[in-house]
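Student: Build the complex from these two chains, which are given one at a time in their own frames, with help from the hints.
Residue numbers (this note's numbering), protein chains in the order written: chain A, 1 to 366; chain B, 1 to 440.
In case anyone wonders, no lab produced these hints; they're calculated from the structure. For every residue, glycine included, the Cβ atom is placed at its ideal position computed from N, Cα and C. Take the hints with a grain of salt, since some may be wrong.
As the list claims (entries may be wrong) - One-sided excerpt, in silico: chain B residues whose CB lies under 7 Å from chain A:
(1) 88
(2) 115
(3) 123
As the list claims (entries may be wrong) - Not close to chain B: a few residues of chain A, all C-beta gaps over 10 Å, as computed:
(4) 42
(5) 91
(6) 142
(7) 151
(8) 275
(9) 352
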Amino acid sequence: MTSTPLPRHRSKQFPTLRAMALGLAIGFSVPSFADNLPEVQRLIKQGQYPQALEKVDAYLSPRPKDAQGRFLKGLIFTEMNRPADAIGVFTKLTEDYPELPEPYNNLAVLYAQQKQYDKARTALEMAIRTHPSYAIAYENLGDIYAKLASQAYDKALQLDGSNAIAQNKLALIRDLITTGKGNVKPAAPVAAAPAPVVAAPAKPAVTPKTAGVAATPGTSAVAPTKPTETKPAASAAAPAAPVTSAPAVAKPDNGSDEVAKAVAAWASAWSRKDMKAYLGAYASDFETPKGMSRKAWEDERELRIAGKAGKISVNIDEPQVTIKGDRATAKFRQHYKAPGISSSTTKTLIFVRAGGKWLIKDENAR
Amino acid sequence: MPGRKLLLLALLGSLAGGALAKPAVSAKSAKKPDAATPLRKVAAVGTTAVAETALAQPSATGHGQLPRTVSDAGPEAQLAKIFKEIEANRLNDALQLTEALLRQYPNYRLAHLIRGDLLLARTQPIQGFGALNGAPADKVADLRAEAVVRLKGYREKPQENFIPRYLLQMQPDQRHAIVVDTKRSRLYVYENDVKNGGRPRFVADYYMTQGKLGSDKLVEGDKKTPIGVYHVTANLPRQQLTDLYGSGAFPINYPNELDRQQGRGGSGIWLHGTPSDTFARPPKASDGCVVLTNQDLDAVAKNLQVGLTPVIISSSVEWLSLDDWNKERNELNKTIENWRADWESRDTERYLKHYSKRFKSGSQSFDQFAAQKRQVNAGKEWIKLKINNLSVFRNPGKEDVVVVTFYQDYRSNNLENQMKKRQYWQREDGKWKIIYEGSA
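In isolation and in its complexed conformation, chain B is listed as follows (with noise of 0.2 Å):
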């Protein structure tokens, strides 16, 4: 059948055309440069060993003991395979798998779209992806954006030893972290690994929907989804939800202090589910919020601690190699004792040099703040600060910006206070300066 030769060219054609002829990943964005490999590519073209690499993905990595999931429960492996059958000119077999994965997931529009191609190449030459005459293109364009961010996300899967910038110090009891690369429509599910002194352990990644209009949401209603650091404030059941949410949602607490500080508007951003005539949604179809397909929200779910885990959205996640990554969690947290020690201290102008001149803390500006704290400091005898339960996110973007919480145990001759507390510091001319301080 003249038209076969025709539908393998072309498919590949329009995947080659798109993000899978890009060299991978954000190396060229991260700051630093030896993060040169952070993802593994695991196979240019051909997907054997890529399956075969998913298959043989150990169950315990040697530093510790929880068994290792990843994303392979999804449609990606099989994806994988049909593109290699139909590279391969094995339309059969391609088709035999699309069938397959159509069983599997009845409502998947990928799938059907693919399987469209296969018949009607039996029948006439067809011209490439969503190769039906008049198709709308928006569709087209989008499933064909899916199939490449997927089949991307699967060959290139995170390295075992680089690691999200932005987590280099989560609290104890979060046993997991969620970070999301609108880029790469991809969700990472990293572990808390606490006998491992609190190294982040790479769980599972499952494609992810962002806004329509991308990422970087700044005001209500602009159909982006946003970049920071957040967490997960409640869990919403599919009960109280309509359909368009799939199996459930978690909002986040978009806007953060960050957020607001910096005029960003809007609400309303959750995590949440497909709805229910879809297996999956288009790389880029939200208002802003993260959906995954409720499969993977449902295994995600379990891993979702209300008011703790921590959300990180970055439009292009930073991966640093463990030595790097030991280094700036190192400077950090020597930085943060520091101000602890130098407020313990009651050497009040030393303490006041960690603050920022543009800090901010609800409406006091610095001088009012400064001013605030001679005074009170001017009758302490004796000051004793702890520090607990410390998380330290890096935020993501082209700024300096980490974002540290803890519960802070104050006593001195006159007061004791206990509190959660938030800090944003900012690097300027390489110090480390809080910009934002209050209570979390």
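Okay, chain A solo, but in the shape it has when bound (with noise of 0.2 Å):
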């Protein structure tokens, strides 16, 4: 079963750049010996920039061709909006350690949000050619392509950018520089083995290695894999958070109305960012998006939920319901908006039916 080519999964309930947060999850020179470098990520995940520049610099200081050092304060730069700077950090590890994906990938970030999109698009393609499995340059490579599209539409249809998908890319930009907190890398099928890898942890951890000086980051063990190969079995992802609270008691015989309600219930405890109800919406074997692992997914999604500033709504238009047997499909308009962004996407909902409740098993937007 792990090895049948199951359809990409892709979430774009945040259509968003994914940008390489915390650490580069390969093994390359740093020193073995206590440094302060989970000090730095302790202080860019609390949101102190300043600070966090201070000591990655006195971490520089010494060794001033560490990748992974150099790597964070390309994050820091770009979290303290100075993305010139961000990117000559990122320009110059991509010069010295050619063979890394991440810093390409957070250079393309960069310049998406400048709206330099072909040069995106070389870097995406450039994290690629390196990493042919990377999974999240080949997600940020479909934003730029479409962001590159709508430039295309413009100009052949004179739209002055005020095109559909234009539309969305500004959303998308303006999300950006959250995503650089939260962000993980997908967790890591290994494409042939029969039993997915659960290990990835949500956070990939600077996995501090004494040898291995920038080393081929495709063996490391939280490698990713191109999401269209594999996808682990449901089951053996992470364990599936308790449903404590699902919040639509479905009746076996008036399926339709049950499955409105449990999409209602869904969005309103989105909109509510009651995250124990938001998750106790979805099905133990929930088909996480990338392939990532549960827990993984969950921290995502509480990122993005309860650790965002300002209301969230989520309103959706009355869903279509097909039902068969204990599964159902919901499809629907869903308006998103939040602080910054405004979005309206189709999005479908696959539910299954366990113990008298429908839950989510699979989400897609389109």
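Tutor: Given below as structure tokens:
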């Protein structure tokens, strides 16, 4: 089952460029003695960027070539809205470590922020050239293609940047900085392995290794793999969140209404930032995007919902529900609003009935 | 990616749904049935053959020494390649070619649209040409129309041995003639191959834009391009023009004598270039002018002689085989020679038989004209009439009309006169008759 290619799942709730945030999850030269990089990361997480910058500079001063430190510095600049400095840091990193995909990826994010989509595209294509299985770069590249397409349409049809794709893009870019914090590499099912690797930590921490200067990241335990190839068996994913407060209790004979109610409750929990209810709407074998672990996915959702400043509102149009046995599909327009973002997408939720409740098995945005 | 295949099918479908799916050309409308394949279809779908043929265009055709150029300097060849790649589902190659095309023509909207589609197809399934959700349908339709006529024009080049029916006889000093086919959105340049008995020889063809509402102009403001035999009357350089006219403009003499006789109105029909914000305009976009891209106008302009170069605009060019062309040309030359000889003979009634009862010259009717000729000829002891610099162009359209222009050298016992004269002849009951005559 795990070797069966499954359609690539792309959660589009937050269509955003995924910056590689905390740490190159690869081994290269970092001193084995306890250093202050974890401290830098902690400061970043807390949003104390000037302090983080100070610390990372101190860390780098005896070892100016250190990739990990420079990478964090680039991130700090990004967070501090100093894109030129960040671009400088990441560009130098790509020159010194052309085999690392992450600096390319983040360069692309920065270029995209400045609407230099052609440069972003080149950077991402470089990331993919160095790491053909680099999932995040693929996803970002998809977004860049959409932006480039949008620009091309503007020129073809004289739309003054007002076309549909372009509007999506703007929201995307505003969301960029926040994604820098909680982003996670996809959990890594190893392509040929019959059993999926579940070891992906939620946040691929810096894994200091004494040896192996800029070793091939592909061999690392958390190396991403092309999400189109395999998907871990859902049950093998991280421990399922106990479903404690399912918002909708389905009566077996009145499916369609019950599914619609489940959708409404799910949207409402999301709007209320009620993480317990929100996550409880998902089945234990919910197919997480990019095959990430359940834990990583929950953390990401937590960050994106509960961790989001300001009000979230999720409204849905009347869903179209089709039921087949214990499986239901709800298709609807989702109108999402948060500070700086407003988007409407067509969403499909696939529900399974378990214990009298309809729970979300799969989530797709088109 | 599931979207890619979709793109392919949709693009082709939308193109095939257009003119490309239709059989070629004006063979049916050509009155001569043996004008069977006036345009050679280089390749039906695959374009490799097209490219090869185009590249292999011989520099000398064996009929003349002038090097031969075709319009392959334009984007058609690249567009054909791009669509071929799309057809083969090699979308990456198609995108690369499109981006190369855009480097060459940064303002080329059609190429931008194709690029948009190819990029969007990398992220989602797309529905067809101009796949952007909510794209303005009229603009997409314009670009699709341009793609269709360009590819069609590229695939169907004029054949070596077929000649536009209109170019029966050019003056020796008319070096080139312009023939426009509004249905195909194509402008053809023919050379007057004087070393070859004045046979018109194909030089190049270009994509062109006509009036928003098509052709056959009738009244002022109808946004149509006139149909008829015209010539270039001036050369207006870029400096005298607004940006709309691009790299230059060449007014033509619409309405001509026949147009006026038919009560056609309007004015200011020009051959001109393209504004700076776009590489090309859609096939139907002007207020009646014939519009070329600036690079094409510049190329064509080299061949234009003010006051001389004929610009013949047809809604659907008819093509004749060499044999048929020779036949028509000889028949008309003979008819004109008979008119000349009959005038010289001073047999006024014979001479007047060449004129239609509908004849008009200025405000003069046939009867007034006949009376005047009878009176004048009665006083002549001898007449010598020479015709020089003769040109004979067939007027496009349903009726058999030709436009005859020449220098007339008239001598008689009591009068000598040289003038440039223009006549319109029309076939009535199988006989060519003059319906208009005047100085040109």
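Student: Can residue 115 of chain B be said to touch chain A, with a Cβ gap under 7 Å?
Tutor: Constraint on residue 115 of chain B satisfied, holds at 4 Å.
Student: Have a go at the residue 123 of chain B hint: is there a Cβ in chain A nearer than 7 Å to its own Cβ?
Tutor: With a closest approach of 5 Å, the residue 123 of chain B hint holds.
Student: Checking a non-interface call: every C-beta of chain B should be farther than 10 Å from the C-beta of residue 91 of chain A. Is that right?
Tutor: The assertion about residue 91 of chain A holds, with a minimum of 23 Å to chain B.
Student: Report holds if the minimum CB distance from residue 42 of chain A to chain B is greater than 10 Å, and violated otherwise.
Tutor: At roughly 36 Å from the nearest Cβ of chain B, residue 42 of chain A sits farther out than 10 Å, so the non-interface label holds.
Student: Taking the shortest Cβ-to-Cβ distance between residue 151 of chain A and chain B, state whether it exceeds 10 Å.
Tutor: violated, 8 Å
Student: Regarding the assertion that residue 352 of chain A does not contact chain B, is the least Cβ-Cβ distance greater than 10 Å?
Tutor: Nearest chain B Cβ is 24 Å from residue 352 of chain A, so the label holds.
Student: Please verify that the nearest CB of chain B lies beyond 10 Å from residue 142 of chain A's CB.
Tutor: Non-interface label on residue 142 of chain A violated, nearest chain B Cβ at 5 Å vs cutoff 10 Å.
Student: Close enough to count: is the Cβ of residue 88 of chain B nearer than 7 Å to one in chain A?
Tutor: violated, 20 Å
Student: Can we trust that residue 275 of chain A is non-interface, i.e. its beta-carbon lies farther than 10 Å from all of chain B?
Tutor: Consistent with the label, residue 275 of chain A stays out of reach of chain B, its closest Cβ about 30 Å off (over 10 Å).
Hints 1, 6 and 7, counting from the list given before, are not met by this structure.
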